[in-house]
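Spelled out from the first residue to the last, the chains are:
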Amino acid sequence: KAGVTQTPRYLIKTRGQQVTLSCSPISGHRSVSWYQQTPGQGLQFLFEYFSETQRNKGNFPGRFSGRQFSNSRSEMNVSTLELGDSALYLCASTQNWGLQETQYFGPGTRLLVL
Amino acid sequence: DQQVKQNSPSLSVQEGRISILNCDYTNSMFDYFLWYKKYPAEGPTFLISISSIKDKNEDGRFTVFLNKSAKHLSLHIVPSQPGDSAVYFCAATRENAGGTSYGKLTFGQGTILTVHP
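Chains as they are written, first to last, in my numbering: chain E, 1 to 114; chain D, 1 to 117.
Be aware that one or more of the hints could be misleading.
[As the list claims (entries may be wrong)] Okay, the calculated bits of chain E under chain D, using three or more residues with CB under 8 Å as the criterion: (1) 45-51; (2) 64-77; (3) 81-87.
[Stated by the list, open to error] Label-pair distances were calculated between CB atoms; the ranges are: (4) E/Q95 / D/G99: 16 to 26 Å; (5) E/K13 / D/P117: 20 to 30 Å; (6) D/E15 / E/Q18: 23 to 33 Å.
These are computed hints drawn from the structure, not numbers from a lab.
We treat Cβ as the ideally placed atom computed from N, Cα and C, and that holds for glycine.
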């Protein structure tokens, strides 16, 4: 099976712009979670989607949003970018939650905000 | 509020010896724990996990121990190899709680392991 894929791998934006990141989960996986990794805060949970519904959300401002499509692919959007949004954004997938299944991570999208 | 803590930022070990990475947690509701390995500019790679109903789980060179009363888990790598050099993260979750637990792993800050030839 192919792993979790994320596009693009690298992105440079300027403050005030918006950005959309894409994630394709492992085939058959319906739960997709997003994380932000920064040197200061480590890996922080953004949100989780299952069957096109957001089931859980972390402590991030409303500028961070996401969605999931019927094929389980997910996108996250960050509007009005700030310098502090520079980070590695990771997507992870699993079949479902509550079955002690492992989350498998993609390679990440490195976002730099200038 | 750091619910999962890895108090050693780095660990240096000789090839062939044992590497022991430690992790402490404060939330007694966590019931499933995972270890991931991460190289720079890549996503975390799953290593091994353990349910709270067990105290030990082995997979090849990797063994995870869980001490629930101490809220402590450790990852043992035996023997250590230079290719094991990476950042190791422990993570915890409440798998059957639903709600604010869906899809959420809580990570420690990571420990940089360096294995010298």
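Checklist entry - Which of the stated hints cannot be reconciled with the structure, identified by number in ascending sequence? => result Those not satisfied are hints 2, 3, 5 and 6.
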